[in-house]
Amino acid sequence: MDEAFESRFDRLILLVGRLNYMWTNTESLLIHLIAGLTGANKDVAVIIFLTLNTTRARIDLVERLAKMEGRAPEIRDPILEHTQRLSRLSSIRNKYNHCIYSFDQESGNPKTILMRIADRKTDIKLGREDTVDDKAMKEIEDVVTQLSDANKDIWKLIARLGFPV
-18 MDEAFESRFD RLILLVGRLN YMWTNTESLL IHLIAGLTGA NKDVAVIIFL TLNTTRARID
42 LVERLAKMEG RAPEIRDPIL EHTQRLSRLS SIRNKYNHCI YSFDQESGNP KTILMRIADR
102 KTDIKLGRED TVDDKAMKEI EDVVTQLSDA NKDIWKLIAR LGFPV
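In terms of the numbering used here, the sequence shown is residues -18 to 146.
Derived by calculation from the structure, the hints in this document are not laboratory data.
Treat each hint with caution, since some may be false.
[Claimed, not checked] List of simulated lysine-lysine pairs, DSBU-like, C-alpha gap at most 30 Å: (1) 102 with 133; (2) 92 with 116; (3) 137 with 48; (4) 102 with 92; (5) 133 with 48; (6) 116 with 102; (7) 137 with 76; (8) 119 with 133; (9) 92 with 76; (10) 76 with 119; (11) 119 with 102; (12) 106 with 92; (13) 116 with 133; (14) 137 with 106; (15) 133 with 106; (16) 23 with 137; (17) 23 with 48; (18) 48 with 106; (19) 92 with 119; (20) 106 with 119; (21) 23 with 133.
[Unchecked claim] Derived Cβ-Cβ restraints for the label pairs, each shown as a range: (22) 56 with 102: 14 to 24 Å; (23) 61 with 143: 44 to 54 Å; (24) -14 with 119: 32 to 42 Å; (25) 32 with 111: 48 to 58 Å; (26) 53 with 31: 21 to 31 Å.
Everything numeric in this text was worked out from a predicted model, so none of it was measured.
Note that CB positions come from ideal geometry on N, CA and C, so glycine has one too.
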């Protein structure tokens, strides 16, 4: 491996690690929203959170609880704003968590190979490949920053609503 290749690879691994850390840390804040919306304590909310196996299921639960009849708009609306924000950010996280990594022989750039089968009318397509160039790395950095901001904003909302911490 040449030095430039190692540097790009190290940068990608560091960015994906940061992305995963920020995502996990921010997604776990849904526990506090579940506790507050259900009137349960945090331990019960942790069990509910861990019983749901996907981010989508956890976000769906929080959104449905927020939309329940009788929920005040000043509680419902900011929660929905934050869950929609997380949903938008999840696509980049999913892309880099649910792929195989390889490297372009010519440029040395890392590539992602999507671990999904696309069924078509008469054939299938396996593993779309995307190059992880400087633009893609910048996109990961931007999502990490947006997740950090979302994390701070959700903590503020939890405190403002008086939900269990």
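Now the hints, each set against the structure:
For the hint linking residue 102 to residue 133, the alpha-carbon distance of about 46 Å lies beyond 30 Å, and the restraint is violated. Restraint check for residue 92 and residue 116: the C-alpha separation of about 13 Å stays at or below 30 Å, so the hint holds. With a C-alpha separation of about 20 Å, the suggested pair residue 137 and residue 48 falls inside the 30 Å cut-off, and the hint holds. Simply put, residue 102 and residue 92 have alpha-carbon atoms about 27 Å apart, close enough for the 30 Å limit, and the pair holds.
Between residue 133 and residue 48, the direct Cα distance comes to roughly 23 Å. Compliance with the 30 Å bound is thereby established for this hinted pair. Annotation: proposed proximity of residue 116 to residue 102 is violated, straight-line Cα distance about 33 Å (limit 30 Å). For the hint pairing residue 137 with residue 76, the CA-to-CA distance comes to about 29 Å; that is within 30 Å, so the pair holds. Of the pairs offered as hints, the one joining residue 119 and residue 133 holds, with about 21 Å between alpha carbons and a cut-off of 30 Å not exceeded.
The suggested pairing of residue 92 with residue 76 holds, with an alpha-carbon distance near 11 Å, which does not exceed 30 Å. Taking the CA atoms of residue 76 and residue 119, the gap is about 15 Å. The hint holds against a cut of 30 Å. Taking the CA atoms of residue 119 and residue 102, the gap is near 36 Å; set against the 30 Å cutoff, the hint is violated. Using a Cα cut-off of 30 Å, the hinted pair residue 106 and residue 92 holds, with the two alpha carbons roughly 17 Å apart.
Proximity of residue 116 to residue 133 is assessed by CA-CA distance (about 26 Å); at most 30 Å being required, the pair is judged to hold. Taking the CA atoms of residue 137 and residue 106, the gap is near 44 Å; set against the 30 Å cutoff, the hint is violated. Among the hinted pairs, residue 133 with residue 106 is inconsistent with the structure: their alpha-carbon atoms are about 40 Å apart, more than 30 Å. Proposed proximity of residue 23 and residue 137 is supported: the alpha carbons are some 17 Å apart, at most 30 Å.
Distance check on the hinted pair: residue 23 and residue 48 sit about 21 Å apart at the alpha-carbon level, within 30 Å; holds. Distance hint between residue 48 and residue 106 is unfulfilled; the C-alpha atoms sit about 39 Å from each other, more than 30 Å. Taking the CA atoms of residue 92 and residue 119, the gap is about 15 Å. The hint holds against a cut of 30 Å. Using a Cα cut-off of 30 Å, the hinted pair residue 106 and residue 119 holds, with the two alpha carbons roughly 28 Å apart.
Simply put, residue 23 and residue 133 have alpha-carbon atoms about 19 Å apart, close enough for the 30 Å limit, and the pair holds. The given range of 14 to 24 Å is broken by residue 56 and residue 102, whose C-beta atoms sit roughly 47 Å from each other. Between residue 61 and residue 143 the beta carbons are some 18 Å apart, a value that contradicts the proposed interval 44 to 54 Å. Roughly 19 Å separates the CB atoms of residue -14 and residue 119, a value that falls outside the hinted 32 to 42 Å.
Our hint of 48 to 58 Å for residue 32 and residue 111 is violated, since their Cβ atoms are close to 34 Å apart. Range check, residue 53 to residue 31: about 28 Å between beta-carbon atoms, so the 21 to 31 Å window is met.
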